[in-house]
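These protein sequence lines map, in sequence, to chains A and B.
Quick note on numbering: the working numbering labels position 243 of the first sequence as 243, and the sequence is numbered without any gaps.
Quick note on numbering: the working numbering labels position 319 of the second sequence as 319, and the sequence is numbered without any gaps.
Everything labelled a hint here was simulated from the structure, so no lab data went into it.
Hints are not guaranteed to be accurate.
[What the hints assert, rightly or not] Heads up, simulated BS3-like pairs for lysine-lysine below, C-alpha to C-alpha not over 30 angstroms straight-line:
(1) B:K351 / A:K43
(2) B:K43 / B:K29
(3) B:K43 / B:K269
(4) A:K103 / B:K107
(5) A:K103 / B:K231
(6) B:K269 / A:K107
(7) A:K103 / B:K229
(8) B:K229 / A:K107
(9) A:K269 / A:K351
(10) B:K29 / B:K107
(11) B:K103 / A:K229
(12) A:K229 / B:K107
(13) A:K29 / A:K231
(14) B:K231 / A:K43
(15) A:K29 / A:K229
[As the list claims (entries may be wrong)] Computed footprint of chain B on chain A, listed as stretches where at least three residues anywhere in the stretch have a Cβ under 8 angstroms from a Cβ of chain B:
(16) 25–38
(17) 108–114
(18) 117–126
(19) 186–195
(20) 223–229
(21) 242–251
(22) 263–274
[As the list claims (entries may be wrong)] Label pairs and their computed distance ranges (CB to CB):
(23) A:P177 / B:G254: 50 to 58 angstroms
(24) B:E27 / A:E27: 47 to 55 angstroms
(25) B:V304 / A:D16: 38 to 46 angstroms
(26) B:K107 / A:P136: 55 to 63 angstroms
(27) A:D207 / B:D137: 38 to 46 angstroms
Everything numeric in this text was worked out from a predicted model, so none of it was measured.
Even glycine gets a Cβ: it sits at the ideal position worked out from N, Cα and C.
There are 2 protein chains.
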Amino acid sequence: MTVYSFASSHAPLPQDVLAALSDDVAEWKHSGFSALELPFTGKDFADILALTEHELRALLNLPEAYRVLFLQGGASAQFALLPMNLLGSAPHCDYVQTGHWSKRAIKEAAAWCDVRVAAVGSGGELPVPCSWDTSPDAAYCHYTSNETAEGLQFQCYPEISDVPLVADMTADFLTRPIPVERFGLIYASAQKNLGAAGLTIVIVREDLLGRGRSGIPAPFSYARQAEAKSKVNTPPTFSVLVACRMLGWLRGCGGLDAMAERNGQKSAKLYAALDGDFYRCVASPGSRSPISVCFRLPDSALDVLFVEEARSHGLFHLQGHPQVGGIRASLYNAVPECAVDALVSFMSDFKRRRG
Amino acid sequence: MTVYSFASSHAPLPQDVLAALSDDVAEWKHSGFSALELPFTGKDFADILALTEHELRALLNLPEAYRVLFLQGGASAQFALLPMNLLGSAPHCDYVQTGHWSKRAIKEAAAWCDVRVAAVGSGGELPVPCSWDTSPDAAYCHYTSNETAEGLQFQCYPEISDVPLVADMTADFLTRPIPVERFGLIYASAQKNLGAAGLTIVIVREDLLGRGRSGIPAPFSYARQAEAKSKVNTPPTFSVLVACRMLGWLRGCGGLDAMAERNGQKSAKLYAALDGDFYRCVASPGSRSPISVCFRLPDSALDVLFVEEARSHGLFHLQGHPQVGGIRASLYNAVPECAVDALVSFMSDFKRRRG
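All chains should be built: construct the whole structure from the sequences, respecting the hints.
Given below as structure tokens:
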């Protein structure tokens with residue numbers, strides 16, 4: 001039976017990428033060594049790191065003024081590390097509160113800065129950026145581009161002129177083109193669209209380096225990592241290689257425009273199957289995420305049954321976020337369209353039998 | 001040509017482990033998914049994590065009062081995170097300063113606590129623990145069990161009765177039995193004897209949890225990670241699997257006693273080849289590390305030539321630490337005895353030709 005993963009916490013990887021990585025573990029490019037054995041101080045890994053950055057810069061058409069940092073700790077670590085690195089002498093930081101993940105970001109940041117909430121979303125609707133009450137003296141304005149637990153996405157990128165815009169793009173990084181020049185900093189952990197857990201990408205505008213407080217653990221100091229080209233200490237070498245191969249695959253798929261079109265097609269099929277009656281979508285149309293599609297059945301017992309039966313049909317990890325419930329299908333870049341077709345077909349069958 | 005890595009920053013892995021991991025990347029246990037795709041919230045990864053902890057506890061005969069944390073960031077991140085987590089209301093922390101890595105630990109800790117230097121090593125000799133001037137009101141006493149840059153190891157484990165003993169065991173973790181009950185906390189990054197970069201093991205006595213200051217980034221709070229069983233956020237899932245397979249291999253080799261004997265044999269062969277004339281060892285015999293064997297040739301030009309020629313003989317990554325120079329052969333668990341034989345043979349040949 002063909003199996004598909006719709007997990008939110010970890011995306012699937014394309015078969016070609018997995019085959020290449022399996023070979024890399026066996027032997028890295030006729031070197032006699034496994035890709036897992038490469039010292040981060042050697043030329044092989046230097047080449048991998050340089051290629052990874054090159055691929056990322058090319059895909060994003062990244063302006064020179066931005067530095068790419070390859071860190072550890074996950075996006076959750078950045079929640080506290082952001083104000084530690086960026087507050088400087090500013091009186092506070094602005095945050096847009098729209099769901100589970102932005103709330104976690106706010107809670108963690110509040111230990112290191114005064115948090116000012118610039119906007120709040122509610123009822124499955126995201127606050128439009130022109131309504132955000134940002135303050136010009138904030139160190140930055142932070143938002144979560146895709147709330148995975150609630151299935152929300154800012155479908156357009158905000159334009160904030162007075163303070164650096166900071167985005168947690170973990171869930172939808174590289175799923176569509178990004179106007180990087182609007183941002184002061186973008187961060188994303190890799191296990192969604194860059195392959196393997198253990199790597200966190202931080203893209204930061206150079207002029208924001210040097211605002212860090214003293215004592216930031218060295219591997220988490222943006223300024224020190226920028227200076228050391230992400231080699232303050234041992235980077236997560238294999239996760240970087242996985243990211244490198246994922247970026248090559250993305251390029252081969254036609255880049256971010258092609259990926260956005262593909263992701264739009266996938267999610268459109270699934271949203272079309274949500275009839276508003278048996279399958280209810282909480283997110284309002286203008287805030288619906290093409291990456292995290294969340295819906296509910298008429299009662300929670302049916303939600304549980306749906307997840308169980310789906311699993312027996314090879315459709316895995318469809319349960320919603322523990323604190324939200326319902327069903328969640330995550331459609332990261334590497335989820336193939338045939339997975340969505342299989343899910344939609346199962347949904348139709350399930351509704352016929354249980355509706 | 002058979003190639004061997006003597007890299008300090010990243011150890012080689014046994015062929016059996018690499019073959020198994022290559023298969024795991026292709027498919028995890030007939031699941032239809034790659035090991036790289038397993039969500040950390042699912043049963044497959046839960047089983048891997050539980051088995052990894054089980055293997056580690058069995059190897060170390062770990063008392064119940066100790067918790068095992070699977071973190072990110074590397075040992076270097078712990079340098080600052082240690083006082084953030086353990087200082088509590090103590091007036092200072094004691095540190096033993098013996099080389100490059102303990103100096104880095106001290107420098108980073110000093111931003112978060114008053115550092116009191118309890119002992120200093122010099123001239124290739126480590127200060128014997130009975131000479132350490134520890135203070136009973138310190139939050140802990142920290143030492144580096146193996147200084148990789150200088151090639152030094154505390155060959156016996158200290159016994160400190162009045163304050164928790166904390167050790168950076170990154171380089172020699174699991175290379176010999178460890179009397180864990182003497183320690184308050186042990187930490188080690190995984191890329192030496194546990195396989196892959198991106199994972200940091202922290203073993204901490206339960207009574208030391210809860211001394212953390214507020215605002216520690218959640219993924220780095222010992223107390224929160226202990227409570228969440230290392231799942232505050234996404235752990236470095238594949239690096240945990242690599243560690244799991246390395247631990248299984250270690251058990252199959254006969255455990256820590258067998259590994260210590262094997263490591264002793266390997267290093268004895270290499271130290272016997274250091275004649276004190278052409279190949280000079282700086283570390284005094286009582287402080288020599290069986291894991292990091294450092295030596296110098298009559299001049300630095302010969303050091304460079306040695307490293308280059310060794311490479312052409314398949315003996316890789318023998319250059320010393322950039323700030324120390326000379327030659328360094330790292331003999332981690334998975335470096336086979338035949339690698340040492342090949343190195344000793346090359347050294348004899350090189351001396352004959354260049355001596």
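Hints versus structure:
At roughly 28 angstroms between alpha-carbon atoms, B:K351 and A:K43 fall within 30 angstroms of each other, so this suggested pair holds. Between B:K43 and B:K29, the direct Cα distance comes to roughly 13 angstroms. Compliance with the 30 angstroms bound is thereby established for this hinted pair. Restraint check for B:K43 and B:K269: the C-alpha separation of about 46 angstroms exceeds 30 angstroms, so the hint is violated. For the suggested pair A:K103 and B:K107, the alpha carbons sit about 34 angstroms apart, so the restraint of at most 30 angstroms is broken.
With a CA separation close to 18 angstroms, the supplied pair A:K103 and B:K231 stays within the 30 angstroms bound. Of the supplied pair hints, the one linking B:K269 and A:K107 is violated, its CA atoms being roughly 56 angstroms apart against a limit of 30 angstroms. Only pairs whose Cα atoms come within 30 angstroms are accepted, and A:K103 paired with B:K229 is accepted, the gap being roughly 22 angstroms. For the suggested pair B:K229 and A:K107, the alpha carbons sit about 21 angstroms apart, so the restraint of at most 30 angstroms is met.
For the hint pairing A:K269 with A:K351, the CA-to-CA distance comes to about 16 angstroms; that is within 30 angstroms, so the pair holds. This hinted pair does not check out: B:K29 and B:K107 have alpha carbons roughly 45 angstroms apart, beyond 30 angstroms. Distance restraint check for B:K103 and A:K229: the Cα-Cα separation of roughly 22 angstroms lies within the 30 angstroms cut-off, and the hinted pair is therefore satisfied. A distance of roughly 21 angstroms separates the Cα atoms of A:K229 and B:K107; the hinted pair therefore holds under the 30 angstroms criterion.
The suggested pairing of A:K29 with A:K231 holds, with an alpha-carbon distance near 23 angstroms, which does not exceed 30 angstroms. A distance of roughly 34 angstroms separates the Cα atoms of B:K231 and A:K43; the hinted pair therefore is violated under the 30 angstroms criterion. About 24 angstroms separates the Cα atoms of A:K29 and A:K229, which keeps this hinted pair within 30 angstroms; it holds. Counting residues of the stretch 25–38 of chain A whose CB falls under 8 angstroms from any CB of chain B gives 9; the rule of at least 3 is met.
Requiring three or more residues with a Cβ within less than 8 angstroms of a Cβ of chain B, the coverage given for the stretch 108–114 of chain A holds, as 3 such residues are present. Taking a C-beta to C-beta cut-off of 8 angstroms, the stretch 117–126 of chain A contributes 0 residues in contact with chain B, too few for the three needed, and the coverage statement is violated. Counting residues of the stretch 186–195 of chain A whose beta carbon lies closer than 8 angstroms to any beta carbon of chain B gives 3, which reaches the threshold of three, so the coverage claim holds. Here's how the stretch 223–229 of chain A fares: 0 of its residues keep a CB closer than 8 angstroms to some CB of chain B, so the rule of at least three is not met and the hint is violated.
For a cut-off of 8 angstroms, the count of residues in the stretch 242–251 of chain A with a CB near a CB of chain B stands at 1, and the three-residue condition is violated. A stretch counts as covered by a chain when three or more of its residues have a beta carbon under 8 angstroms from one of that chain; for the stretch 263–274 of chain A and chain B the count is 0, and the coverage is violated. The beta-carbon spacing between A:P177 and B:G254, approximately 56 angstroms, falls within the hinted interval of 50 to 58 angstroms. Checked against the given bound of 47 to 55 angstroms, the beta carbons of B:E27 and A:E27, roughly 19 angstroms apart, lie outside it.
Under the hint 38 to 46 angstroms, the C-beta atoms of B:V304 and A:D16, about 41 angstroms apart, fit the expected range. The hinted range of 55 to 63 angstroms is not satisfied by B:K107 and A:P136, whose Cβ atoms lie roughly 37 angstroms apart. In this structure the hint that A:D207 and B:D137 lie 38 to 46 angstroms apart at CB holds, the actual value being about 45 angstroms.
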